[in-house]
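Novice: Start from the sequences, fold in the hints, and give me the full structure.
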Amino acid sequence: MKPAAGEWETMTGSTAEATLQSSVASTDGSVGDFFELMKPRVMSLVVFTSLAGLVAAPGDLHPLLAVIAILCIAVGAGASGALNMWYDADIDVRMARTAARPIPRGRVTAGEALTFGTVLSIVSVMTLGVLVNWVAGALLALTIAYYVFFYTMWLKRRTPQNIVIGGAAGSFPPMIGWAAVTGTVSIESVLMFLIIFMWTPPHFWALALYRARDYERVGVPMLPVVAGPDETRKQILLYSLVLVPLAVSPYAIGLGGIVYGVSSVVLGLMFLWLAVKVWRTREGREADYAAKQLFGFSILYLFLLFGVLLGEHLVAKLWS
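The sequence shown begins at 1 in the numbering used here and counts up by one.
Hints in this document: simulated from the structure, not taken from any laboratory. Heads up, a few of these hints could be off.
Stated by the list, open to error - The calculated DSSO-like cross-link candidates involving lysine-lysine, where the alpha carbons are at most 27 Å apart (straight line), are:
| # | residue 1 | residue 2 |
| --- | --- | --- |
| 1 | K292 | K234 |
| 2 | K156 | K292 |
| 3 | K292 | K277 |
| 4 | K39 | K156 |
| 5 | K234 | K277 |
| 6 | K292 | K39 |
| 7 | K156 | K234 |
Specialist: Following this line, the structure appears as structure tokens:
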């Protein structure tokens, strides 16, 4: 009999490990469980930013090839998620935020997740390379390898800079979308990469601030655990101060239009206001609430930023 959802959140140490070991022998995994392995919420952000890169790129791509490119990027992102859950199953079972995932709950075995992620990785890269172009295919392969081997297996459990360095994995999608159309990497696609790269630390450190005990329990050296919450708040503010003008720069180089320029400034000021609020709020529930506010808004911020960019280029191409 599987534990109830609430019981998983209180498991620690040997109890959680024993439960995980006993649950991986058999599985009644459904399609939904395997889809959950692909981290659909993360995948949706990957799809959206890659679509923005694809539409913003100069030139045309056949609609069918464009759909294939986005599907391959989505499947590649899902493959990375599945391989991440396979490798991190031992700590996922001990963290309240991740204990209800398919492997800790015994709905999918670790071996099934490994096979699933590996097959999806190969299929997505080969399909993108053969049907679209090999620059995009190579970038997708690099993204998967970077996330799985460099971030998940090496950085995550070894350094508090895991999110800073490892964040590059989540920054590649708009570059892949751009390369799918042009077959090249340009300054515009690098700029979109850098925006996501600089957005990632304040986004994840805001989460880590109110989930610090989870990470401490399993020995993951997130910044609040190693350097403390005050240093984390300072780093969030510093990265936000770099992110906001960087996010306006597509307007300066002509990648974004006037609507993007105004939107990026307004959204950036809101992001900074929340980052300052996190920096100034140091005690009790108010501090956790401020971190949760920034974490929630950071997701909306990136969606709206790339959404406006996508909308401007889509309108321009439809009217051209």
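Novice: All the hints need checking, so say for each whether the structure fits it.
Specialist: Taking the hints in turn, this is what the structure says about them:
{"no.": "1", "hint": "K292 <-> K234", "result": "holds, 16 Å"}
{"no.": "2", "hint": "K156 <-> K292", "result": "holds, 22 Å"}
{"no.": "3", "hint": "K292 <-> K277", "result": "holds, 11 Å"}
{"no.": "4", "hint": "K39 <-> K156", "result": "holds, 18 Å"}
{"no.": "5", "hint": "K234 <-> K277", "result": "holds, 11 Å"}
{"no.": "6", "hint": "K292 <-> K39", "result": "holds, 20 Å"}
{"no.": "7", "hint": "K156 <-> K234", "result": "holds, 21 Å"}
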